[in-house]
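A.B. asks: Each chain is listed here by its residues.
Number of protein chains: 4
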Amino acid sequence: METSAFILKLACPDRPGIVAAVSHFLLHAGCTIVEAQQFEDPTEKRFFMRVVFAGAGGEVEPARLRAAFEPVAAQFAMQWSLTRQGEHKKVLILVSKFDHCLVDLIYRARIGELPIDITAVVSNHGAENYRHIDFGGLPFHHLPVTKETKPAQERRILELVEETGADLVVLARYMQVLSAELSAGLARRCINIHHSFLPGFKGAKPYHQAHERGVKLIGATAHYVTDDLDEGPIIEQDVERISHYDSPENLVRKGRDIERRVLARAVRYHVTDRVLLNGHRTVVFPD
Amino acid sequence: METSAFILKLACPDRPGIVAAVSHFLLHAGCTIVEAQQFEDPTEKRFFMRVVFAGAGGEVEPARLRAAFEPVAAQFAMQWSLTRQGEHKKVLILVSKFDHCLVDLIYRARIGELPIDITAVVSNHGAENYRHIDFGGLPFHHLPVTKETKPAQERRILELVEETGADLVVLARYMQVLSAELSAGLARRCINIHHSFLPGFKGAKPYHQAHERGVKLIGATAHYVTDDLDEGPIIEQDVERISHYDSPENLVRKGRDIERRVLARAVRYHVTDRVLLNGHRTVVFPD
Amino acid sequence: METSAFILKLACPDRPGIVAAVSHFLLHAGCTIVEAQQFEDPTEKRFFMRVVFAGAGGEVEPARLRAAFEPVAAQFAMQWSLTRQGEHKKVLILVSKFDHCLVDLIYRARIGELPIDITAVVSNHGAENYRHIDFGGLPFHHLPVTKETKPAQERRILELVEETGADLVVLARYMQVLSAELSAGLARRCINIHHSFLPGFKGAKPYHQAHERGVKLIGATAHYVTDDLDEGPIIEQDVERISHYDSPENLVRKGRDIERRVLARAVRYHVTDRVLLNGHRTVVFPD
Amino acid sequence: METSAFILKLACPDRPGIVAAVSHFLLHAGCTIVEAQQFEDPTEKRFFMRVVFAGAGGEVEPARLRAAFEPVAAQFAMQWSLTRQGEHKKVLILVSKFDHCLVDLIYRARIGELPIDITAVVSNHGAENYRHIDFGGLPFHHLPVTKETKPAQERRILELVEETGADLVVLARYMQVLSAELSAGLARRCINIHHSFLPGFKGAKPYHQAHERGVKLIGATAHYVTDDLDEGPIIEQDVERISHYDSPENLVRKGRDIERRVLARAVRYHVTDRVLLNGHRTVVFPD
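Residue numbers (full-length UniProt numbering), protein chains in the order written: chain D, 1 to 287; chain X, 1 to 287; chain U, 1 to 287; chain B, 1 to 287.
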C-alpha cells in the first residue's frame, strides 16, 4: 500500500554510526527501507540522508514514530523531517505577466504528476491577464505593487502563506524583487526561476544581452530565494544550444521552454523531499 | 590517508535488516562510512549497495575484514566484493583498425584519470597500424584472425587474460564478433562500445544507414559482452545532435567523439566498482 | 513591415544556375532577401532552398509574383511554394486519452508562439476527458472508433480536414493506427510523435520495455506519417538521461516532457516552411 | 575531384543584389555551387556568406578567380577570402602544464580529421613535461616566462608565428595571460579555451569555485582572443551535468572532456572557414 510509506530526511555533522543508528531504529520499529540515498560531504564534514520506508507489518503511526526517533535525532544533532510519501504539499504561486510556468505547474498538478495542491495564485497583474487559464476554483489574488504599497503587499503575501498553510512559495516568473524581510520570512521554502547564461549577465533584458554577446547556449536556474538576489542555493539548471540565427525573440521563446521544465523539476525535487541544504549549496537526491 | 579506504559492493535479495547489518558490521569493525549508495529494485526484489569506508583508527586489514564479513554475507545470500579504493585494475584492450578509443584510454590511464594498468594491447591488425602511439612499454600482440584460425586466436586471447591477470577486457572498437565460448569466458568482465541510433540499425556501415534514414541524433552504447551480440547489459549511453548537413563521413567523425567518451565513462564506472548487474540490466552508482 | 515578407521554398534536381536564377528573379521583382538557406544533397543530386524576402519598395502582390516565378520554376523542374511569412496555418489535432501534447499546442498557439489556428480537435475519447482544458471555442469532435466503424471514422476525419481547410494534421498522442488510405490521404501534411529508444522497441508499453532493457537514455521522434507505421521521414528528435532509479512510471513522466517539446518543435518547423522532403528523409532549416 | 573545390567566405553591408552578383559571377566563371550558407543580420544590417564551389568543366585557377572577383567585392565593400577546400591550415599550439587539449589536437590532425599542419608547439614548461607524447617530428619550443622576460618571450612567439607561416594560434590550455600587444598582433587568428559556468566566476581555481557555489552544470567556451581577457567573440560552447557527488577534482576531470571537444570543434570551424566575425560576435556556419 503506497500510502503507508514515509520519507525521513536528515542532515547532521558526519560521524561514525549514523547509518547504523537510523537503520536499526527502522528495523526495530518494524519498518522496511524501500529506497535510501545518502551523501557525506568531505569538505563540510556533514552527512545527508533520505530514506523511504514502509511498515513491514501494517500501518505506521507517524506521531509515534516521530516521538521514538527524537532521541536518535538528538544524539547526532540532526535536522530532520518525517513526511508521508505522496502526501500533497501546499503551494502558493506568485506570477507576473508571463504565465508559461504558471500554466505548466497547474497542468502538472492537475494530472497528478506533481504531488501539490495549489492553494492560491498571486499576481501583481489583474485576473484579465489570465482569462484563458482554467483556474478550476483556485483562489486568485491581484496584489498590485508600487514603491509605496510594497511593504503592505508583501505583508499580504505572508498572510496568504499563513492563511493557506502553504509549505512552499513558487516565484513562477514573478518579476518583483522580494524585500530582504520577505526573503527571510520565506527562507528555505521559496523557489525562484531565472535565466542563466555563460557568461552571466546582470540587469534588464537578459536574453537581448545574451544575443548581443553571441553566446551559443542559453539556460535557466531554479534556486531557493535568499536576500542575495538570484544567488540563492541552486536546485536545478538546464541549457539549450542556440546559434547566430536566433533573434532575441527566439531566445525568449526557447528560454520559456527551459524555464518551465527547470522550475517543474525543482518543485518536484522540493515537494518530494529530495533537496537538502548544505550551506549555500544543495544536495539533491535524484529520482 | 586515501589508500586505507575500501569499497564494499554487494547485491542480494531485498529483505529487512540489510543496511542495519552492514552498517553495524562496519561500525564494530572500527570503520567509518565515507560514501554509500544503495538501490532497492521493487520489481526484482533485489538490493544493491556500494559503500566506501575507511578505518577510523588506522589501517584496515582487508583479509581479516573479508573473513569477518563472511557470516553477514551468508545470512543475506549476498554476491559481494571488497576492494581497496584507488587500487588499479588490470585491463586488456582489444582493438582493430580504428584506434581513437585505444589512444583515449591510454591517455586517461597515463595521466592517472583512470585507475587502470593496461596489461596488453591485442589487435587483429599489425603493429605498423599504430606506429604513432607511444605504447611506452605496453606489450602489443598481433593476433590476426581468419575463419580457420579464430578458435585458436580466441584461445590465445583467453590465455593472455589469464597470463596478465586482467580484471577487465575492453573491446575498444574491436571489429571481430566474439564466439559464444569467449563471450561466456569473459562474462561480466568484458565491455564493448558500439554506435546507437533511434531507431536502431543492424548490419554493416551503420553510420551510412543512419544517414540514409535521416535521423537527427546519433549515439553510442557501452555494454557488457554476452553471447547476444550488441545486446548485453547497458552501462552507459550518450548522443549528439546532427542535421541534414552531415555526410556519412561526418557521422563517423562525430561518432568517434561519442564512442570514446561513452567507453571511457563505462570503463571508469566498472573499475571503480560502480556497476552491479541486475539480471540483464545494470545498476550504476554515479560519481 | 513584417506582413509584407514572403517565404519561397523549393526543391529540384541540382544543376548550375539555380541560385543565380532565383536571386536575379527576386532582384528584378524589386525584392530583398532577408534570410536564405540552401542545401545541395551530393548523394541524391537534389537542391533545396528556403528564401525569406520582402518588397524593397513596398507591398508585394503574391499572385503576380507566383505567376512571374512560374517560368523559373519550370526551367529547373522545381517543387515550390510561396507563402506569406507569419501567416497562420490551419491545424487539426487528433488526440487520445493523454492530453499533454494537446494542452501544450493550444497554449503555444494562444500566446502567439506557434503561428497556427487550431481548426478542430478530434478524439476517440469523449469531451469529459478534457474538461479542464479551456478550448476557448475550438470545435471538439468525439469520433469513437471500433474495428467496424474505423473506415467511417477515418472518412469523417478526412471530411473535417477538408471542411476546416486544415493545412496540417497533428497526431498529438493519437493512439489509433491510421489506415494506409488515411495515411496516403494525409501524405506530407500529418505529423506524429512517438517515443524513441536506443535500441528501439516495437509493441505495447514501450516505456516498460525500455525500463526492462535498462537503457540510459529515452527519447521521442516527430515524423511525417506514412503507411509504414512509425517510420516516416523524421523531423525532430530529442532525448533525456535516465538511470536505474527510474521506474516505468518515471519514464512515462519524463517521456511526456520530451514528447511535447519535440512535437512542438516539429510543428513549428513545418508551419514556418522549414521542412523539405528529401526522399524518405527531411531537410530542416533551423531557426 | 575534391581538390578542385574552393571556399568563398565574405561579409559586407547588407543590401539588395549580393546573392545575385555572387551567384552570377560563379555561373559565368564556369563554377557550380556545392554548398552555400548565408546570414543576414537584421540588427547590424550585415550580410555573411560561405560558398563552396567547384569548376564545372575542370580545374579552377584560384589567382585568376580572385582577380576576377575583385570588382564584385569592391562593389559591395566585402571582406572576403577564397581558399582551396581541404587545404591544410598551419597551426601553432601554445600549451602549459595540462596537455589534454594538445594531445587531442595532435591526434585529430594525425588521423586526418582536422585539416591542419601543426607547425610548432610552444610551452612555458620544458619538453620533459610531454615525454609521453609522440611529437613525430613537430618542433617543440620551450619558452619559459617571468615578469621580466615576458616581452621577449611574446616577441619570440610572434616571430615563430611568422617563421612558420602559422594561419592560426591555438591556446590549448596555455595559462599565461597574453599582453594587449600580443593579443592585438594575433587578432582574428588566435583561439582560446576556458571553463564556463552558470553563473560565471572570475579568478583562480574556477572548478573549485563552481563546486563551492553548487552549480549543476559545468561548461567550456572557445573564443577568439582579444585584449579583453576571456571575453573575445565566442565560437563554441558546451556543458555537462554534475551533482553534489562531484568533488572539485571530478569537476576538473569532467572539465577536461568538455574543454577538448569544444576546442576541437572551434578549431575545426575556423580552419574550414566556417567562422565569420560580426562585431564582437561570430557567425558559425555548421557542418
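Hints may contain errors.
Chain copies aren't distinguished; within one or between two, either way the pair holds.
Simulated pairs of lysine-lysine, BS3-like, Cα-Cα distance not exceeding 30 Å [what the hints assert, rightly or not]: (1) 97 <-> 147; (2) 45 <-> 254; (3) 45 <-> 205; (4) 205 <-> 90; (5) 9 <-> 45; (6) 147 <-> 45; (7) 9 <-> 254; (8) 90 <-> 45; (9) 97 <-> 254; (10) 150 <-> 45; (11) 89 <-> 147; (12) 205 <-> 97.
Source of the hints: derived by calculation from the structure; they are not laboratory data.
A.B. asks: Between residue 9 and residue 45, at a C-alpha cutoff of 30 Å, which is it: within one copy, between copies, both, or neither?
C.D. replies: Both. Shortest intra-copy (17 Å) and inter-copy (24 Å) distances satisfy the 30 Å Cα cut-off.
A.B. asks: One pair to classify: residue 147 and residue 45, alpha carbons no more than 30 Å apart. Within, between, both, or neither?
C.D. replies: neither (44 Å within a copy, 41 Å between copies)
A.B. asks: Reference check for the pair residue 150 and residue 45, CA-CA at most 30 Å: within, between, both, or neither?
C.D. replies: Close neither inside one copy (41 Å) nor across copies (43 Å); limit 30 Å.
A.B. asks: Between the shortest in-copy and the shortest cross-copy C-alpha distance, which are at most 30 Å for residue 45 and residue 205: within, between, both, or neither?
C.D. replies: Classified as between: cross-chain Cα gap 21 Å, same-chain 41 Å, threshold 30 Å.
A.B. asks: Can you tell me if residue 97 and residue 147 fall within 30 Å by alpha carbon in one copy, between copies, both or neither?
C.D. replies: within (18 Å within a copy, 48 Å between copies)
A.B. asks: Within a copy, between copies, both or neither: which one fits residue 90 and residue 45 at a CA-CA cutoff of 30 Å?
C.D. replies: neither (33 Å within a copy, 33 Å between copies)
A.B. asks: Which holds for residue 97 with residue 254 at a C-alpha limit of 30 Å: within a copy, between copies, both or neither?
C.D. replies: both (17 Å within a copy, 28 Å between copies)
A.B. asks: Is it within a copy, between copies, both, or neither that the alpha carbon of residue 89 lies no farther than 30 Å from that of residue 147?
C.D. replies: neither (32 Å within a copy, 44 Å between copies)
A.B. asks: Is it within, between, both or neither when you check residue 9 against residue 254 at 30 Å Cα-Cα?
C.D. replies: between (35 Å within a copy, 25 Å between copies)
A.B. asks: One pair to classify: residue 205 and residue 90, alpha carbons no more than 30 Å apart. Within, between, both, or neither?
C.D. replies: The answer is neither: 32 Å in one copy and 33 Å across copies each exceed 30 Å.
A.B. asks: With 30 Å as the alpha-carbon cut-off, assign the pair residue 205 and residue 97 to within, between, both or neither.
C.D. replies: Answer is within: at 15 Å inside a copy they meet the 30 Å cutoff, but 40 Å across does not.
A.B. asks: State whether the alpha carbon distance between residue 45 and residue 254 is at most 30 Å within one copy, between copies, both, or neither.
C.D. replies: between (40 Å within a copy, 24 Å between copies)
This entry does not satisfy hints 4, 6, 8, 10, 11, going by the numbered hints stated previously.
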